[in-house]
Amino acid sequence: MLTIVKIAVAKLLHKPYNSALSVLLFAIGVALISLIIKTETLLNNQYKNNLAGIDLVVGAKGSPLQLILSSVLHIDAPTGNIPLEEVKRVQSNPLVKNTIPIALGDSHKGFRIVGTHTDYLQLYACEFQEGNSFSEPFEAVIGANVSKKTGLKIGDTFTGVHGFLEEGHSHEDFRYTVTGVLKRSGNVTDNLILSPVESVWMVHGHNKNGGEWEHKNCDCCEHEQHDHSEHGEEEHHHHENCEHDHHEHDETYTHEDQHEHEYEGNTHEIETLEQLQNKLSQGGELSEEEAKLYMELKGQLVVKTTEASEEITALLVFYKSPQAAISLPRAINQNTTMQAASPALELNRLISMLGMGLNTLRLLAWIIIVISAINIFIYLLNIFNQSIFELALLRLAGASKLKVVALLYAQGIFLAVSGWFIGMIVSYVIWMYLPQFELGRYFDIGVFFKELILLLFCVGIGLLVALIPAIKAYKNNLHFTLSR
Amino acid sequence: MALIKTEALSYQYPGGKILNFPALQIGINESWLLTGNSGSGKTTLLHLISGILMPSSGTLQIANTLLNNLRPAEIDVYRAKNIGMVFQKSYFIDALSMHKNLLYFAELSGKKADIEFVNKLLNDLGIANLARKKPTTLSSGELQRFSIARALINKPGIILADEPTSSLDDDNCKRFIELIIGICKSYGVTLVVATHDARLKKEFVNTIQLN
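Note that the protein sequences, when read in sequence, are chains F and H.
Per the numbering used here, the very first residue in the first sequence carries number 1; after that it's consecutive.
Per the numbering used here, the very first residue in the second sequence carries number 1; after that it's consecutive.
Take the hints with a grain of salt, since some may be wrong.
No more than 30 Å apart at the CA atoms, straight line, and that leaves these computed lysine-lysine pairs for DSSO-like [what the hints assert, rightly or not]:
id: 1; chain 1: F; residue 1: K401; chain 2: H; residue 2: K201
id: 2; chain 1: F; residue 1: K472; chain 2: H; residue 2: K5
id: 3; chain 1: F; residue 1: K6; chain 2: H; residue 2: K5
To give an idea of the interface, some chain F residues facing chain H are shown, with a C-beta separation under 7 Å as derived from the structure [what the hints assert, rightly or not]:
id: 4; residue: A10
id: 5; residue: H14
id: 6; residue: P16
id: 7; residue: G155
id: 8; residue: T159
id: 9; residue: F318
id: 10; residue: A344
id: 11; residue: E346
id: 12; residue: L396
id: 13; residue: N477
id: 14; residue: L478
id: 15; residue: H479
Using C-beta positions, here's what the derived DEER-type ranges look like [as the list claims (entries may be wrong)]:
id: 16; chain 1: F; residue 1: S352; chain 2: H; residue 2: A73; range: 51 to 61 Å
id: 17; chain 1: H; residue 1: S166; chain 2: F; residue 2: V459; range: 23 to 33 Å
id: 18; chain 1: H; residue 1: G16; chain 2: F; residue 2: V459; range: 44 to 54 Å
id: 19; chain 1: H; residue 1: S167; chain 2: F; residue 2: Y433; range: 53 to 63 Å
id: 20; chain 1: H; residue 1: P22; chain 2: F; residue 2: I468; range: 41 to 51 Å
id: 21; chain 1: H; residue 1: I115; chain 2: F; residue 2: V5; range: 40 to 50 Å
id: 22; chain 1: H; residue 1: L66; chain 2: F; residue 2: N385; range: 50 to 60 Å
id: 23; chain 1: H; residue 1: S186; chain 2: F; residue 2: T481; range: 28 to 38 Å
id: 24; chain 1: H; residue 1: I115; chain 2: F; residue 2: L456; range: 15 to 25 Å
id: 25; chain 1: F; residue 1: Y433; chain 2: H; residue 2: K155; range: 28 to 38 Å
id: 26; chain 1: F; residue 1: L13; chain 2: H; residue 2: G16; range: 39 to 49 Å
No lab work stands behind these hints: they were computed from the structure.
Everything numeric in this text was worked out from a predicted model, so none of it was measured.
A virtual CB, placed ideally from N, CA and C, is assigned to each residue, including glycine.
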């Protein structure tokens, strides 16, 4: 039988262009299906590995899906920040069992620096490859991929870069020290740098002034936002390229209106309040209007002055009981400036949306495979017709009818399996290296069970396309062929 | 002692036409010429002897083996080990070198190719220097010599040649027939050549005439 296989391979290699074309066409279909399988598996893995029992994510108003992607899967820009005062109210809610803060803003060589609590490590059942957890600001625990790609090890120091790109404004004054390296876990922590929330606050606190906080956390903004003194006053109000909401504000306000109100309004209100206070301290009496204004301004300024000097990007919330799922998200969405989003719901929605696109792609891939299978069928039929006397010679040499059939089947299977193999290589190269599939960088993709089933399916296609030539070979009349 | 022995051999085609063949007794290491007009059954008789066709009636015995009693799979093995065939046109597997064509042909019979024997054969036929070439690069005369080598590769007792000289000119025809007769003599092989080529009559002492 080995001789039959050797002859089958030699015959295919004898016509390299025809064989290569057949294999290539088949490989394109296989690569597409493989990429679809990888995408689906990745989504499912992310779903399973990264939700980790998180019931709710609370963050700045904006797209709920973006909030989940940025704060749970760490693959999108955050929607903005939320004040700690409001966060504390959520934490103290009797329906809430536990919460974990997430503070984003910086990265190191493309890996996100996440300000959080040590509970985050327990949430993902992280184990240490070496070192320990963080306990002080600017101590950092790094994921396995971070360690591998950046070469950072225990005791090394590094600085964060503003935003989530590999290059950008560096916070040179604030150096993180690596205290622990995590074992590979197959979830988001592989690609994260974890540090106390205070680290993020301290890095960003030095140039924090009012409404600019959200801008600093937006990695989609190209302009430099740190040295505002160098720009005109009007310049940092503009944020036209930013697609997501940075501020929760009245819908009638424009983005610029919002800023102008905060600056001009603050100055004017403080002056007014001071004037009213002076009047009172000098024993003067306030008119009814002034008294009303005084109360209003005092109330506003109390809110403003007690405004959280710290903010976080999101809060991961764990319910005390399932009933919380009914009331808590609605309460947050309706009564606060924050939004609450359920990771399970949002990811299901994402998978459902992607599923429609993937189904279209899958259909296209199968059409390509069917066309390539027809191409292989025609190729094998031509090979049979052109080599009918060669097959008769094999019979004369002692090869049984089944061996001749095996020769044709071997050719069909060889083409299909080669197509599968090349398709796999193409698919893995695309997955691992092309920026469009950046997600692949974040997760290790092994040999999928489904891809092995695809191999069996390819073998089946190889057998199917060789069926008719094989039947013709089996029925071939040796006497008739040799008499021609 | 007869190597090939037939009695009352006949073959009926699917269309109903029946061919009856004369009784044959062909000895070891003999050379026979099988002649007759087109349609007289020369190729059919060769295919009966080689087991490609099964007789409708009569007996066919080769080296004490009654072919009538063998099953198809047994006939495949019998043919591979005992009979070599040469055809009018020399077909080889284009994808393989001549050397591999011969080796794989031997391997398909179920035994390992005897490399020394192959080399000796190629030297005796004067084609050792062409062994690494592909079939498409050789002339028809060279290919016919390789056909003889292929027919002898499994050391059979019988070589059946069907119109082997029809496509050859006079010089090549003479050279070929002298070569095949000579080599069959030297290797102790019985040769049966079926042809309507009148040029070959003077080369054979034993002749079977089909009508």
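So, as I understand it, the hint says H479(F) touches chain H; can you test that by seeing if any CB pair is closer than 7 Å?
Because about 5 Å separates H479(F) from the closest Cβ in chain H, which is inside the 7 Å limit, the hint holds.
Take the shortest C-beta to C-beta distance between L478(F) and chain H; is it under 7 Å?
At 5 Å from the nearest chain H Cβ, L478(F) passes the 7 Å test, so the hint holds.
Interface hint compliance - N477(F) to chain H, C-beta minimum distance less than 7 Å:
Violated. Min distance 9 Å.
Against chain H, is G155(F) within 7 Å by beta-carbon distance?
Cβ of G155(F) sits 63 Å from chain H, so the hint is violated.
Indicate whether the distance between the beta carbons of G16(H) and V459(F) respects the range 44 to 54 Å.
Holds, since G16(H) and V459(F) (Cβ atoms, about 45 Å apart) stay within the stated range.
Given a hinted range of 15 to 25 Å, is it respected by the beta-carbon distance of I115(H) and L456(F)?
With a Cβ separation near 40 Å, I115(H) and L456(F) fall outside 15 to 25 Å, so the hint is violated.
Chain H contact restraint on L396(F) - CB to CB distance below 7 Å
Holds, about 6 Å.
So, as I understand it, the hint says P16(F) touches chain H; can you test that by seeing if any CB pair is closer than 7 Å?
It is violated, given that the least Cβ distance between P16(F) and chain H is near 11 Å, above 7 Å.
Interface restraint verdict for E346(F) against chain H (beta-carbon cut-off 7 Å)
violated (58 Å)
How does the Cβ-Cβ distance of S166(H) and V459(F) compare with 23 to 33 Å: does it lie in that range?
Distance hint for S166(H), V459(F) is violated at roughly 45 Å.
For the pair we were handed, K472(F) and K5(H), check the Cα-Cα distance against 30 Å.
Roughly 34 Å separates the two Cα atoms, so the pair is violated.
Does T159(F) pass the interface hint, meaning its C-beta sits closer than 7 Å to a C-beta of chain H?
Violated: closest Cβ of chain H sits about 63 Å from T159(F), beyond 7 Å.
Checked against the numbered hints above, the structure violates hints 1, 2, 3, 6, 7, 8, 9, 10, 11, 13, 17, 21, 22, 24, 25; every other hint is satisfied.
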